[in-house]
Amino acid sequence: MSQLEWLAALSGFAALTAYVVLGGADFGGGMWYALASGPRAQAQREAVSRAMGPVWEVNHVWLIFAIVTAWTCFPAAFATIYTLLAIPLILALAGIIVRGAAFAFREQARTAGTTEIPFGAAFGVASLLTPMFFGLGVASLASGAAWWGLFSWSVAALAVSACALLAAVYLTVETTGGVQEDFRRRALVALGITAICAVVALVPGTTEAPRLAAALMHGVATPFAIGAGVLAALVALLLVVRRFAGARAAVIGFVVCVLWGWGVAQYPYAVVPTLRLHDAASPPQTLLLYAIGTAVGMVVLLPSLWLLFRVFKGDPQIA
Amino acid sequence: MDLLLVARLSFAMSMAFHIIFAALGIGMPVLMLVAEGVYLRTGDLDHLALAKRWARVAGVLFAVGAVSGTAIAFELGLLWPRFMQFAGPVIGMPFSFEGFAFFTEAIFLGLYLFGWDRLKPLAHWWCGVPVALGGAASALFVLDANAWMNSPTGIVMSGDRVLSYDPVAAIFNPMWGEEAFHMITAAFVATGFAVAAAHAWRLLRAPGDTGAARGYWPALVLALALAPVQVFSGDQSSRDVAHNQPTKFAAMEALDHSGPCAPITIGGLVDQRTGGASNALRIPCGLSLLLAFDPNAPVQGLDLVPADERPNVAITHYSLDVMTGIGFAFVFMAVYAFWYRWHAGRPPMQRWFLVAVVAAGCAGFIAIEAGWLLTEVGRQPWVAYHLLSTAKAVTVASNTIVPSFIGFALIYAFLAALTAWLLFRLGERREPA
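Order-wise, the sequence lines are chains A and B.
Residue numbers for the first sequence follow our numbering, so the first one is 1 and each next one is one higher.
Residue numbers for the second sequence follow our numbering, so the first one is 320 and each next one is one higher.
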């Protein structure tokens, strides 16, 4: 691949990473909202709303950014993916629409003096379904296997539990007292489930996704697999000793390792095994314009993002 | 079943839904900044309450606009992957810029909606400015892509093969400027009328409501002041279309005969075979005059276009009539309203005028939808004018087309009903300062 193609591919994958790390937590938040329980259930729901309110729309723009990068820089891959994975993408989209609307309406329903329960339920269910369908799609891209196969379902489970894990850990940083303890427990449970899902996925993985499994177990992606394992253990440790900011950093590292392990194993294919990234790439004049345009855009975007997170993710609220 | 038609209907449905929220997302930030600005200048808490009310509404509309925009981003790939593969190298970048504009807008809207208590008042107001600018910028970039579909520069083809791409030439295509100006102006006009209509509705039911009266005139001024601008813009757009897309122009004017002294045709019964309209109101030589200020100027009609390259003339022509009719009606309203304001020293609030404003609130969006019908249906059978036909752009995953159309139709219907209900409830609520 040429330098410009590398730049475009890394840029798109970075956007996807940002989406998983930020938007994935939003999905997890929705799940915890629906699963709120115990004496502090209402406080748990409020913690989720407060955490997501100012940032959820911003977090999901990373997905648009990744899609537009694929379309502009690797249009043949874009077209192939949207054709092969039409069904899981349609279902993921339905989840995104329902989720976003339900969350916004839920915010205002209380103000408008009406019950928020149906909105909360829709929000929770859609928050689980969207990462599930994305997981099915990614598994199919990585393996060339059908998106409804066993490997795909195990990756979908991994995606869902990883989102729940991210959200729970983030929320420990953004809450205090009893609610913080609630999310700490939830984070440990989610971590256990995520670890199990990751290991279990390798079972159908060796038969349905041999290339990916080989890369992870004794290939280019092995450092990332090891890194994921180490960081998962670190997250557990930091949660146990209640060092929540550290746990947040570690869980982000864990998810990045899982994601980039997949990315490294996937290279040089956009769709295994039929389409290579290089063959799907746009001509150099397009890639150059993309590189310049993205750099300029980032000059505006990154300081604005910093401002948003600084204003709203500073001190935790008292639960 | 004609799957291409279902795919087109599916996409049209998403666009028709999204454009309403996108237009409001362009206009409402301006209104809320004006209201908050008055509060900052005068300390009038009622204007702060108005700003907060409009901001709350803008937040709901923005969320629905964002998810429906995501739907379009997905459907471009789900329904038209072959178009995306063809056009990606040249018009991917405008979408990328639109993405950045929307990103900025979302960030500062988050700061604005949730930062009332966290930011100093002036800093809070300034956070609203990128929201307004970002909304207009998003429209500017996304319309660049649509304008390219109408005047596709930057691609050199030999038969069905693409020889070269020039993304910069594609970005600066000839129809961009006027199309962007026309749509952004339309967004302000429609938003102004819609917000004024909401306040007028309340005034009709509670004539003494000072809160409703306060929001009524600023919103109305936004719409009325721009209404004449929009008519001039429409005139300019028509020349652009005549120059770059003569087939679309002939269809929208129901012009079945090429030659000098071309008439303006209003209404009538359209005959798709000839491309003309019978029993229409005609202004002789009017079209030649409008286009070139010369009654003998020749204008191309549909007789020079092969039948399989003509768009649906009825939809294209009637859409033009509806849109321009509403546009001119708005100008008459503007003339009357400003005259009354000057003459009587206060905004017009007679019962009949309030009813007219309520009607205008709907008509603004009807005009927008009509305009989009005109430009999209008028471009058929092309998705990129004279370069790629819509039929060659549609997905081959054809088994998804009908189920997804039904599914999304249900979702949009539900969403529309829910949004309307929620906005109604929020409107009823008395907003604390």
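It cannot be assumed that every hint is accurate.
[As the list claims (entries may be wrong)] Heads up, simulated BS3-like pairs for lysine-lysine below, C-alpha to C-alpha not over 25 Å straight-line:
no., chain 1, residue 1, chain 2, residue 2
1, B, LYS439, A, LYS313
2, B, LYS371, B, LYS439
3, B, LYS371, A, LYS313
Hints were generated in silico from the structure; no laboratory data involved.
Each hint, compared with the structure:
no., hint, verdict
1, LYS439/B / LYS313/A, "holds, 17 Å"
2, LYS371/B / LYS439/B, "holds, 15 Å"
3, LYS371/B / LYS313/A, "holds, 23 Å"
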